[in-house]
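Colleague: Produce the complete structure using the sequences and hints provided.
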Amino acid sequence: EAAVTQSPRNKVTVTGGNVTLSCRQTNSHNYMYWYRQDTGHGLRLIHYSYGAGNLQIGDVPDGYKATRTTQEDFFLLLELASPSQTSLYFCASSGKYEQYFGPGTRLTVL
Amino acid sequence: AQKVTQTQTSISVMEKTTVTMDCVYETRDSSYFLFWYKQTASGEIVFLIRQDSYKKENATEGHYSLNFQKPKSSIGLIITATQIEDSAVYFCAMRVTGNTGKLIFGLGTTLQVQP
Numbered sequence: 007e008a009a010v011t012q013s014p015r016n017k018v019t020v021t022g023g024n025v026t027l028s029c030r031q032t033n034s035h036n037y038m039y040w041y042r043q044d045t046g047h048g049l050r051l052i053h054y055s056y057g058a059g060n061l062q063i064g065d066v067p068d069g070y071k072a073t074r075t076t077q078e079d080f081f082l083l084l085e086l087a088s089p090s091q092t093s094l095y096f097c098a099s100s101g102k103y104e105q106y107f108g109p110g111t112r113l114t115v116l
Numbered sequence: 003a004q005k006v007t008q009t010q011t012s013i014s015v016m017e018k019t020t021v022t023m024d025c026v027y028e029t030r031d032s033s034y035f036l037f038w039y040k041q042t043a044s045g046e047i048v049f050l051i052r053q054d055s056y057k058k059e060n061a062t063e064g065h066y067s068l069n070f071q072k073p074k075s076s077i078g079l080i081i082t083a084t085q086i087e088d089s090a091v092y093f094c095a096m097r098v099t100g101n102t103g104k105l106i107f108g109l110g111t112t113l114q115v116q117p
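Protein chains in written order, with the numbering used here: chain V, 7 to 116; chain U, 3 to 117.
It is worth saying that the hints were derived from the structure and are not from the lab. One should not assume that every hint holds.
Said to hold, decoys possible - Pairs of lysine-lysine residues, derived as DSS-like cross-links and limited to a Cα-Cα distance of at most 25 angstroms, are as follows:
| hint | chain 1 | residue 1 | chain 2 | residue 2 |
| --- | --- | --- | --- | --- |
| 1 | U | K18 | V | K102 |
| 2 | V | K102 | U | K5 |
| 3 | U | K5 | U | K74 |
Modeller: Spelled out as structure tokens, the structure:
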């Protein structure tokens, strides 16, 4: 079974702050994804990657950067956090078919 | 454009009964993959079951099964002998055209199983 971990699990920052969310998968999957989940909007794709050094833009990329340093590690960067980025963030990885999700990071921007 | 729609916002059932959650999708692809996920109260998102469009047989996994009606672009999730711990939000998803592995999700159906 896929193993996807995220850190931190909870984060509070202030407007304009710098935040990095980390994700690691140990299933040798090529694809990794970052989503945000908000009430009324469901899961929305921010960025994704199909391998180390690769980055693809998702559906709601504004205000976010991402970097895939290794096959296992995918980072989401918020360089100037805004209150609109308060959300629950999920990382996922996939091989050929289904995606497997991490436990989520709850981010609050004050 | 591809789209996934779950029209049931919430469902409440009695324990040990069977429940069906609806999902309809739109795609122009001749071959596609459909998924159901469960999000528990703790926020964890768990993959439940997959249906490959080229397979006529409905997928089953434990007490989860699918009602795949391709002509209606419908993929219902059936949970038999429901348990209290089945209370969760259930998401239907479809794999996007191409080789990205991207999924389109519905907005989810909240299931409450009553004792």
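Colleague: Holds or violated: K5 (chain U) with K74 (chain U), Cα cutoff 25 angstroms?
Modeller: Holds - the C-alpha atoms of K74 (chain U) and K5 (chain U) are around 14 angstroms apart, at most 25 angstroms.
Colleague: Just to be careful, I want the Cα atoms of K18 (chain U) and K102 (chain V) compared with a cutoff of 25 angstroms; is the pair within it?
Modeller: 34 angstroms, violated
Colleague: With the threshold set at 25 angstroms, check whether the alpha-carbon distance from K102 (chain V) to K5 (chain U) stays at or below it.
Modeller: 21 angstroms, holds
Taken one by one, the earlier hints fail for this structure only at number 1.
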